[in-house]
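Participant: Each chain is listed here by its residues.
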Amino acid sequence: MFIIGERINGMFKDVARAIKEKDKKFIQDLALKQIEKGANALDVNVGTAVDEPVSAMEWLVKTITEVTDVSLAIDTTKLNVMEKGLEFCKSKPIINSSSADEEKLNALIPLAKKYNASLIGLTISRKGIPSDANSRLELAINILTKWQENGMNIEDLYIDAVILPVKVAQAQCVEVLETIRQIKLLSQPPPKTILGLSNVSQGTKYRSLINRTYLAMAISAGLDTAILDPLDEELMKVIHTSEILLNKTVYCDSYLKGCKK
Amino acid sequence: MEKPIEKWLGKINELTIGATTQEGGTRRKVVKVGGENTLPFLHFEGKIINPPVVAIEVWDREPENWPETLKEEFKNCFKNPVDWAKKSVEEWGMDLICLRLFSTHPDAQDTSPKEAAKTVEEILKNVDIPLIITGSGYVQKDGEVMLEVAQVAKGENLLLGIAVQENYKTMVASCLSGGHSLIAETPIDLNLAKQLNILISDMGFPSERIVIHHATGGLGYGLEYTYSVIERTKLAGLGGDKMLSQPMINFVGQEAWRAKEAKVSEEEMPILGKQKERAIFWEAITAVAFLNAGTDILVMNHPKAIKLVKEAIKELMTV
Numbered sequence: 001m002f003i004i005g006e007r008i009n010g011m012f013k014d015v016a017r018a019i020k021e022k023d024k025k026f027i028q029d030l031a032l033k034q035i036e037k038g039a040n041a042l043d044v045n046v047g048t049a050v051d052e053p054v055s056a057m058e059w060l061v062k063t064i065t066e067v068t069d070v071s072l073a074i075d076t077t078k079l080n081v082m083e084k085g086l087e088f089c090k091s092k093p094i095i096n097s098s099s100a101d102e103e104k105l106n107a108l109i110p111l112a113k114k115y116n117a118s119l120i121g122l123t124i125s126r127k128g129i130p131s132d133a134n135s136r137l138e139l140a141i142n143i144l145t146k147w148q149e150n151g152m153n154i155e156d157l158y159i160d161a162v163i164l165p166v167k168v169a170q171a172q173c174v175e176v177l178e179t180i181r182q183i184k185l186l187s188q189p190p191p192k193t194i195l196g197l198s199n200v201s202q203g204t205k206y207r208s209l210i211n212r213t214y215l216a217m218a219i220s221a222g223l224d225t226a227i228l229d230p231l232d233e234e235l236m237k238v239i240h241t242s243e244i245l246l247n248k249t250v251y252c253d254s255y256l257k258g259c260k261k
Numbered sequence: 001m002e003k004p005i006e007k008w009l010g011k012i013n014e015l016t017i018g019a020t021t022q023e024g025g026t027r028r029k030v031v032k033v034g035g036e037n038t039l040p041f042l043h044f045e046g047k048i049i050n051p052p053v054v055a056i057e058v059w060d061r062e063p064e065n066w067p068e069t070l071k072e073e074f075k076n077c078f079k080n081p082v083d084w085a086k087k088s089v090e091e092w093g094m095d096l097i098c099l100r101l102f103s104t105h106p107d108a109q110d111t112s113p114k115e116a117a118k119t120v121e122e123i124l125k126n127v128d129i130p131l132i133i134t135g136s137g138y139v140q141k142d143g144e145v146m147l148e149v150a151q152v153a154k155g156e157n158l159l160l161g162i163a164v165q166e167n168y169k170t171m172v173a174s175c176l177s178g179g180h181s182l183i184a185e186t187p188i189d190l191n192l193a194k195q196l197n198i199l200i201s202d203m204g205f206p207s208e209r210i211v212i213h214h215a216t217g218g219l220g221y222g223l224e225y226t227y228s229v230i231e232r233t234k235l236a237g238l239g240g241d242k243m244l245s246q247p248m249i250n251f252v253g254q255e256a257w258r259a260k261e262a263k264v265s266e267e268e269m270p271i272l273g274k275q276k277e278r279a280i281f282w283e284a285i286t287a288v289a290f291l292n293a294g295t296d297i298l299v300m301n302h303p304k305a306i307k308l309v310k311e312a313i314k315e316l317m318t319v
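Chains as they are written, first to last, in our numbering: chain A, 1 to 261; chain B, 1 to 319.
These are computed hints drawn from the structure, not numbers from a lab. Everything numeric in this text was worked out from a predicted model, so none of it was measured. No residue lacks a Cβ here, since even glycine has one placed at the ideal position from N, Cα and C. Treat the hints loosely; a few may be bogus.
Here are the computed lysine-lysine pairs in the DSS-like style, where the Cα-Cα straight-line distance is at most 27 Å [as the list claims (entries may be wrong)]:
| hint | chain 1 | residue 1 | chain 2 | residue 2 |
| --- | --- | --- | --- | --- |
| 1 | A | K248 | B | K3 |
| 2 | B | K11 | A | K33 |
| 3 | A | K184 | B | K263 |
| 4 | A | K92 | A | K205 |
| 5 | A | K90 | B | K11 |
| 6 | A | K37 | B | K11 |
| 7 | B | K7 | A | K113 |
| 8 | A | K248 | B | K47 |
| 9 | A | K237 | B | K3 |
| 10 | B | K154 | B | K29 |
| 11 | B | K79 | B | K47 |
| 12 | B | K79 | B | K304 |
| 13 | B | K242 | A | K33 |
Only part of the chain B face toward chain A is listed, based on derived beta-carbon distances under 8 Å [said to hold, decoys possible]:
| hint | residue |
| --- | --- |
| 14 | E23 |
| 15 | L190 |
| 16 | N191 |
| 17 | Q195 |
| 18 | I198 |
| 19 | L199 |
| 20 | D202 |
| 21 | M243 |
| 22 | L244 |
Here are the simulated distance ranges between beta carbons [what the hints assert, rightly or not]:
| hint | chain 1 | residue 1 | chain 2 | residue 2 | range |
| --- | --- | --- | --- | --- | --- |
| 23 | A | K248 | B | I49 | 22 to 28 Å |
| 24 | B | P206 | A | E52 | 40 to 46 Å |
| 25 | B | K260 | A | E233 | 35 to 41 Å |
The shape of chain B in the complex, shown without the other chains (with noise of 0.2 Å):
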């Protein structure tokens, strides 16, 4: 039987994050993702030049709602962002980490953009491999937040976000001052997100520099959906639509970690059997899903899921 081979017109972008001191940064090496003119790991098609990803979620706050099984893993690192973001390189030997600002939302510690600031300093003084930085998701606060954030970060090449249709013309801004990329985000919506794209790139900023995030839910609750949503942006890249070629991102460890499965104790369920392993699995199965829909970018949040998903990634990147 032969081998029905597709040859695409078109490619995803390839997105740079991070600059070395070479490159007007002061990071140690920087991380790749997008490039490739492919389906997800069909090798014998296209090239995929750069594998899959997976950044480590570090808060600069104490995760409340985190089920004990996930936050005994951070015990000393919530007095400080600075100590989880060692312990992430250090320990769990991450190259890419994905900083979340919570502490910013006025319903948390409501920090001022100038103080957030200070906590992205002194990771980038203290760890040396590229960051992504997120806002606390309240749409307005997060403009302020990321303008501060772009400056003190000038010439990383960050990715920061974000950006959705009602903050996107201030994150723009910030992101082509400071000259980082940006996360862009929509309500899973293949139509939502082009327009958002076009919009972005209205400004001057390049597409290049854009990655989606269709916004998800978990294994489970609707992961499905979204499934097919990702599956589409990146045929309509390949098919050379240059609005839907950006690489994708999913915040894998929120969706999963909020999820029945890997919250409820055995006692509460003993059908699900013990948490612990569950969880984790619950995790790392919610992100190799996602790598099979065709996320560049997944952000994660338990040392052992990541570490399970950075083997299947392995695997699957074998030619």
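Next up, chain A with everything else stripped away, as it sits in the complex (with noise of 0.2 Å):
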């Protein structure tokens, strides 16, 4: 599974202090430290509180970069943010996110084959969060149609089905699940499926515990790829256990450990 640490966003305190203290130190330790926990990829968001959105994006980047090669997913809905994310990145990089809508595609579709970047497409418009599984799967097709009508590669696209927290609309969790099954049939090779697990759990008494069930319930409906905090142990656990209960990986006795080589 290709994991994408969530931890350096700006709505985190200890990370807007960093932004807002220009600490590198703290940023670049994150940064590692996810990675080493297991992270493919880190997720770089500047948060709402910053005045200056591009330069911070602008020093993020410069920041993780001279630690770590890895690819970053830029995660901002404004598109200057975006750009300045994507000029300063060195592999390649993410776009965090689109909607569903031809706008929003029409703009961010250029900037993925101008910097060669992946695109993760969120099942969302402006009519807001479907409901069920066959409205967001409708959603997701618009957006694969829309990125293979300009040419691009299928397998740089994530779509997001867009978990909304449990304690909020608890009948989504099913139809989530329904529809990362469907994606995964939409073409051939597949779109790739990905969650910002997180919320899932937002405002929960037992938020690691509700993300770790529902992650080894979305891994086996065909997730590809998960937003989530790396440095919860128990979490990788599972996502390293569930490979092997789905004959991903080998199984010996110490493959916890051989997952961190």
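Two independent chains are provided; combine them into the complex using the hints.
Facilitator: See the structure below:
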């Protein structure tokens, strides 16, 4: 499974402080720690509290690429912040994210082309988040069609079926699982599937437990990628164990140790 | 029809055996194995940057159980392994030797680790190609022998073995201190092979310096099962499993020459035909089966069988 570390996000207080005070060491340590624990790529989000998001993004990307060359997922809704982030990436970047709306895709796909980036497409439109699997799938098809019309490589497309907090929209959890299953049947090869996992446990009492239970279910449904907290050890164990149980990696008694090598 | 091309995430580790003077050793040239990102000889799918290699066995004592047809090739070699090694290079044009220190076995001559290390030193002085060195298979003694061997060969970047579950700690320590690579052996089982590799790398030994040995049977004696395990190991490695992306070694000669088909005389079983030719073919065919399964290093005995297999490799590597 491809893991995108979620921790470099200005919504976290410690990261917001580091961005504000230009605390390079804190950001770099956090980047390396996530990679050490199993992240294959890192999400980068400046948060909402900064006055100058464009320069903050530039600083963040430059700071991280000083110590690692893993891919970065530039996480913003603002086009100028996005482009600034992509400009300074050293490895193939990931655009996080576009909705299924045409004007959004029309703006972001050319950027993906220019910077040879992957794209995360959310099954959201200006009408909001669909309430069932079928409507989500419709939006997924829109994204996929637009992506292919532009001659983009299908392996560079991630579709996010958008999970909502179980506390707010309990019935949606199962709809998202069904969407993941269906996305894998859309084309050959299919687009990749992705989830911003932690959203499912937003505001709940047992966040880590809910995250890892849902992750196991989603992996079983066909989830390829997740944006999550790789510092959550129990969560990472669930990923490795799921891959064993789905016969994707070879079992041995010390498989948990082997994953870290 | 379209070729079903598989795009693999991972590749097999590339391993260098031997070190030249510039690299801190004394070898004339080195041998590289592994590094491929596709299954054996699928040149249309990926890149096979190094062909599989053949090493010839050199023993430090006379192999009593070898059939006469095999022994006669090495007539003047049994007194001194240095002669055997030199002949391998000069006469048979080998570029890799597998020195087997069978005399260290307590039931054989029980040669001391220090004496065994002396043999290694002598051979290193007299031939300038890389070596693979194994003990006698007596697990505990092998650890002691390799401690000495690793030291006299320090800097030569050799491939030592064989580490098993019971002795891997001493073997790893030897290889770490002498800067050598290590053969890790488990009994034809993918899961156990992965487990041993994890245990070894958990000691701080780089997984890129491990070579996997699936202890095996020869043609007619369980090869088909080993074949499948070798193939599955390669598939897991290509699929990105770092603990199964090591090159593999097989001791083909010892398996082939143990078989009835190689040993029995024509008089005993006329239906099998001439023993000498039959035995050479038995070893060569066993080797080719391993090549196709995915073995990177073949350890063999008979120079004529080796010649046949080297020709087969050349052909299989032709794109």
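Participant: Each hint: holds or not?
Facilitator: Now the hints, each set against the structure:
1. A:K248 / B:K3: holds, 24 Å
2. B:K11 / A:K33: Distance of about 26 Å is within 27 Å: holds.
3. A:K184 / B:K263: Roughly 56 Å separates the two Cα atoms, so the pair is violated.
4. A:K92 / A:K205: violated, 37 Å
5. A:K90 / B:K11: holds, 23 Å
6. A:K37 / B:K11: Holds, because 22 Å separates the two Cα atoms, which is no more than 27 Å.
7. B:K7 / A:K113: holds, 23 Å
8. A:K248 / B:K47: It holds: about 24 Å lies between the C-alpha atoms, which stays within 27 Å.
9. A:K237 / B:K3: Not satisfied, since the Cα-Cα distance of roughly 38 Å exceeds 27 Å.
10. B:K154 / B:K29: holds, 17 Å
11. B:K79 / B:K47: violated, 44 Å
12. B:K79 / B:K304: holds, 22 Å
13. B:K242 / A:K33: holds, 20 Å
14. E23: violated, 26 Å
15. L190: holds, 6 Å
16. N191: N191 (chain B) check passes; min Cβ-Cβ to chain A is 5 Å, inside 8 Å.
17. Q195: holds, 4 Å
18. I198: holds, 4 Å
19. L199: Cβ of L199 (chain B) sits 7 Å from chain A, so the hint holds.
20. D202: OK, holds: D202 (chain B) within 8 Å of chain A, min 6 Å.
21. M243: holds, 5 Å
22. L244: holds, 6 Å
23. A:K248 / B:I49: 22 to 28 Å: holds, 27 Å
24. B:P206 / A:E52: 40 to 46 Å: holds, 45 Å
25. B:K260 / A:E233: 35 to 41 Å: violated, 55 Å
The structure fails to meet hints 3, 4, 9, 11, 14, 25 from the earlier list, while all remaining hints are met.
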